[in-house]
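Engineer: Each chain, letter by letter, is given below.
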Amino acid sequence: MAEADTKSILVVGSGMSGMTAAIEAAEAGYNVYLIEKNPYLGGRVAQLYHYFPKLCSPNCGLEINFRRIKSNPRIHAYTLAEVESVSGTEGNFSVKVKVSPRYVNEKCTACGTCAESCETEIENKFNYGMDKTKAAYLPYNMAFPMRYVIDPSFAQTAEAQKVKDSCKYDAIDLNMQEKSIDLQVASVVWATGWQPYDASKLDSYDFNNQPDVISNVMMERLAAVNGPTKGKIVKPSDGEAPQSVAFVQCAGSRDENHLPYCSGICCLASLKQATYVREQYPDAKIYFFYIDIRATDQLEDFYNKAKAETNIEFVKGKVAKIQKGPDGKPLMRVEDTTKESLRELTADLVVLATGMQPNLAITPAPADIKYDEYGFIAQNGTPAGMYAAGCASSPGNVTEVVSDGTGIALKAVQSVVRRAN
Amino acid sequence: MSIKTDPNLKKELREFGVTNVDNCYHCGNCTATCPLSTSDNSFPRKMMKYVQMGLKDKIKASPEPWLCYYCGDCSVKCPRGAEPGENMMAIRRYLTSLYDWTGFSKKFYTSEKFEYLAIGTVGLIVGLILILFHGTPDMEHAKLNSVWPAHIVEIGDVLMGGVLAFLLLSNTWRCISFILGDLKSKIPMGIYISQAKELIIHFLTQKKFAECEDRMPWFVHLMIMTGYATVFLLVVGFLAGGIHFIGLYDERLMFQRDIIYPLYHPIRLLGYYSTFALFYGVTYAMIGRLKKSKPSYKFSHSTDWMFLILLQLTTLTGILIHVTRLVDLPMPTYALYVIHMMVCIPMLVLEVPFAKWAHLAYRPVAIYLTKVKAAYVAQAGSSETAE
Numbered sequence: 001m002a003e004a005d006t007k008s009i010l011v012v013g014s015g016m017s018g019m020t021a022a023i024e025a026a027e028a029g030y031n032v033y034l035i036e037k038n039p040y041l042g043g044r045v046a047q048l049y050h051y052f053p054k055l056c057s058p059n060c061g062l063e064i065n066f067r068r069i070k071s072n073p074r075i076h077a078y079t080l081a082e083v084e085s086v087s088g089t090e091g092n093f094s095v096k097v098k099v100s101p102r103y104v105n106e107k108c109t110a111c112g113t114c115a116e117s118c119e120t121e122i123e124n125k126f127n128y129g130m131d132k133t134k135a136a137y138l139p140y141n142m143a144f145p146m147r148y149v150i151d152p153s154f155a156q157t158a159e160a161q162k163v164k165d166s167c168k169y170d171a172i173d174l175n176m177q178e179k180s181i182d183l184q185v186a187s188v189v190w191a192t193g194w195q196p197y198d199a200s201k202l203d204s205y206d207f208n209n210q211p212d213v214i215s216n217v218m219m220e221r222l223a224a225v226n227g228p229t230k231g232k233i234v235k236p237s238d239g240e241a242p243q244s245v246a247f248v249q250c251a252g253s254r255d256e257n258h259l260p261y262c263s264g265i266c267c268l269a270s271l272k273q274a275t276y277v278r279e280q281y282p283d284a285k286i287y288f289f290y291i292d293i294r295a296t297d298q299l300e301d302f303y304n305k306a307k308a309e310t311n312i313e314f315v316k317g318k319v320a321k322i323q324k325g326p327d328g329k330p331l332m333r334v335e336d337t338t339k340e341s342l343r344e345l346t347a348d349l350v351v352l353a354t355g356m357q358p359n360l361a362i363t364p365a366p367a368d369i370k371y372d373e374y375g376f377i378a379q380n381g382t383p384a385g386m387y388a389a390g391c392a393s394s395p396g397n398v399t400e401v402v403s404d405g406t407g408i409a410l411k412a413v414q415s416v417v418r419r420a421n
Numbered sequence: 001m002s003i004k005t006d007p008n009l010k011k012e013l014r015e016f017g018v019t020n021v022d023n024c025y026h027c028g029n030c031t032a033t034c035p036l037s038t039s040d041n042s043f044p045r046k047m048m049k050y051v052q053m054g055l056k057d058k059i060k061a062s063p064e065p066w067l068c069y070y071c072g073d074c075s076v077k078c079p080r081g082a083e084p085g086e087n088m089m090a091i092r093r094y095l096t097s098l099y100d101w102t103g104f105s106k107k108f109y110t111s112e113k114f115e116y117l118a119i120g121t122v123g124l125i126v127g128l129i130l131i132l133f134h135g136t137p138d139m140e141h142a143k144l145n146s147v148w149p150a151h152i153v154e155i156g157d158v159l160m161g162g163v164l165a166f167l168l169l170s171n172t173w174r175c176i177s178f179i180l181g182d183l184k185s186k187i188p189m190g191i192y193i194s195q196a197k198e199l200i201i202h203f204l205t206q207k208k209f210a211e212c213e214d215r216m217p218w219f220v221h222l223m224i225m226t227g228y229a230t231v232f233l234l235v236v237g238f239l240a241g242g243i244h245f246i247g248l249y250d251e252r253l254m255f256q257r258d259i260i261y262p263l264y265h266p267i268r269l270l271g272y273y274s275t276f277a278l279f280y281g282v283t284y285a286m287i288g289r290l291k292k293s294k295p296s297y298k299f300s301h302s303t304d305w306m307f308l309i310l311l312q313l314t315t316l317t318g319i320l321i322h323v324t325r326l327v328d329l330p331m332p333t334y335a336l337y338v339i340h341m342m343v344c345i346p347m348l349v350l351e352v353p354f355a356k357w358a359h360l361a362y363r364p365v366a367i368y369l370t371k372v373k374a375a376y377v378a379q380a381g382s383s384e385t386a387e
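So the sequence lines, in the order shown, correspond to chains D and W. In this text, residue positions in the first sequence follow this note's numbering: the first is 1, and each later residue adds one. In this text, residue positions in the second sequence follow this note's numbering: the first is 1, and each later residue adds one.
If you're looking for bench data, these hints aren't it; they were derived computationally from the structure. Hints should not be assumed to be uniformly reliable.
Which chain W residues face chain D? A few, computed with CB under 8 Å, are given here [to be verified]:
| # | residue |
| --- | --- |
| 1 | TYR25 |
| 2 | CYS27 |
| 3 | THR31 |
| 4 | ALA32 |
| 5 | THR33 |
| 6 | SER37 |
| 7 | THR38 |
| 8 | SER39 |
| 9 | SER42 |
| 10 | ARG45 |
| 11 | LYS46 |
| 12 | LYS77 |
| 13 | ARG174 |
| 14 | SER177 |
Yeah, the Cβ is synthetic: ideal placement off N, Cα and C, and Gly gets one too.
Start from the sequences, fold in the hints, and give me the full structure.
Structural biologist: What follows is the structure, encoded as structure tokens:
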């Protein structure tokens with residue numbers, strides 16, 4: 001049994017790159033533990049409305065992956081799980097994993113009765129806090145595993161007991177405890193992903209006091225059918241349709257006071273979001289403020305197509321300030337650097353293109369890993385038998401991190417094979 | 001019109017304090033951050049571009065550096081650490097050297113050795129003159145007029161004032177010519193006159209400075225400026241109670257006087273005000289520069305320090321002379337007087353026409369000229385539409 005265990009691979013993070021690495025390695029015949037801190041798999045991609053450049057929903061891609069996981073007995077996925085410690089060397093790592101209680105067991109049919117009987121509401125993290133969800137909730141309508149979660153802050157209340165009693169399937173277990181799992185693995189893949197840079201740190205943009213100034217990830221949720229507005233792009237302040245939408249690029253990126261690097265994807269992400277706006281509002285005025293447009297290879301076609309549109313104005317200049325204007329709308333101050341002119345413009349809705357910050361920059365991995373100056377795992381920064389995948393090592397788009405995950409799966413397999421020889 | 005570029009400009013400007021200018025990637029954040037920047041006169045990014053590209057002629061004709069009061073918001077918010085605020089400061093030094101037809105300013109700014117030598121030389125000459133030419137000192141009581149009579153020192157004051165005024169005004173004339181170019185003669189006199197009140201208002205209040213978000217620098221600047229202006233007036237205008245040699249004076253207003261005025265006397269009160277204002281302002285700036293407490297204090301050119309040190313020494317020796325006179329110590333009073341003059345005269349002679357003090361003319365003039373230009377453009381525009 002111990003022999004079999006050391007032939008396993010641990011993948012930390014079940015976003016696009018981690019999920020891919022796990023599936024590829026498992027389909028090649030290796031045992032994989034997939035550890036996810038959220039109560040669902042899929043990572044940030046699950047929160048997107050569309051991919052670029054194809055402009056289709058990520059759900060079909062995710063569903064295919066979920067099915068591959070479901071049908072493969074070699075993948076052992078844990079949600080609400082975090083790696084606490086890793087010791088040992090390549091081929092023989094001992095890993096301690098903490099699994100937080102979900103308070104809902106495998107009997108759950110996702111019927112939703114618990115949520116119906118629950119009155120307490122909590123911030124909906126899936127929608128970046130733009131709405132509330134019940135304290136007994138399904139993370140989102142396509143969640144995998146398709147199982148409800150009870151918020152830990154709610155589990156010990158009297159109301160929780162009532163919610164438990166409402167479940168016909170005896171699926172709620174309020175006595176569920178935190179568990180610790182010990183794993184023996186041959187290799188570890190860190191696919192810990194990213195988080196959007198905290199827009200409230202951009203003090204010149206007064207993000208916290210202007211509801212109609214949102215971040216690009218929030219825009220994805222606004223446009224998504226399963227989002228807080230059922231897919232309708234509206235002003236968060238009053239729910240009205242915006243007549244004008246401004247995209248503010250490099251909101252905290254390429255800025256030594258915030259993220260000094262370019263995340264490489266925000267330009268296209270915003271151009272993609274411009275298509276969301278156009279889809280719903282054929283006459284809305286769109287502003288696009290940028291320092292440089294980073295549309296490489298075929299993606300330049302996407303940019304050229306957007307430029308050809310008449311009702312979109314590209315202004316070359318970094319927005320310096322966003323304040324509440326005299327009419328209450330966000331007022332932006334920017335230099336049009338091609339004309340050396342200062343402009344003050346208002347828009348009904350302002351979308352900040354915040355960059356990707358590696359999660360490990362905020363909470364480093366419990367392993368001897370070297371990071372670059374921005375908090376990404378450095379090139380060759382992992383000890384033998386450990387590998388970085390996806391946005392843990394470099395910002396990237398979905399296509400890039402999928403191929404990265406596939407490549408890293410091979411490296412992880414090699415660690416197992418070396419051990420077996 | 002051809003545009004000339006000078007590939008060596010950036011190197012040359014480094015001597016004046018230009019720094020990190022190549023970090024700039026022209027996002028325009030600085031210009032849009034600046035509360036004083038406008039579409040007609042946008043800065044500081046434009047100036048960064050001129051430096052990067054070696055556009056010396058463009059810099060020479062730009063009033064923009066003088067429209068900046070260096071609150072430093074642009075530098076704080078700069079995503080690249082390109083220090084636009086400090087570069088504007090450096091360009092002001094450079095412009096001061098370009099306006100100066102004697103070439104002295106350029107030497108003063110670009111060579112520390114020259115700077116120290118110039119100050120030392122002027123100081124020594126002043127000291128020698130005071131030691132060689134004096135009356136019979138009263139050794140019983142501290143009576144400055146017994147050694148260096150006010151009405152004679154006043155002649156020196158007026159002579160110095162005249163030379164300084166000539167140098168500063170001729171440099172200012174060049175400043176005007178550079179900024180206006182061909183327009184100088186095209187703009188009708190009426191416009192110059194109608195905008196003249198701007199010149200006076202900005203000269204006296206620096207009200208634009210108060211539009212910066214952090215108002216502390218404006219206040220410190222106002223203290224130094226009013227303190228200095230007051231004492232300048234007391235020394236040059238009232239040392240002997242007026243201009244003695246033309247007979248226009250009143251003994252009751254003499255600044256250099258052997259019998260100390262009562263506390264409530266306006267001359268004594270003005271003296272106290274200027275001492276306090278200067279001491280406060282200069283000390284604030286010195287501590288600021290040591291601690292780099294504000295963006296504008298982050299970088300210090302050697303001339304910035306020299307300016308503050310000379311001012312502070314002038315103030316301190318002035319205070320000491322007042323004390324030795326109050327306790328009636330003749331010899332210390334006379335010795336301190338020599339030191340006082342050896343410090344304040346070099347500061348005046350070198351800083352007013354050639355260095356930092358020159359901005360007292362260039363800044364209000366530049367603001368005035370932008371108003372003149374705007375009024376001219378508006379008039380030309382309206383007459384075109386009338387046709």
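Engineer: For a quick check of understanding: which of the numbered hints are violated here, in increasing order?
Structural biologist: Violated hints (numbers, rising): 13 and 14; every other hint is consistent with the structure.
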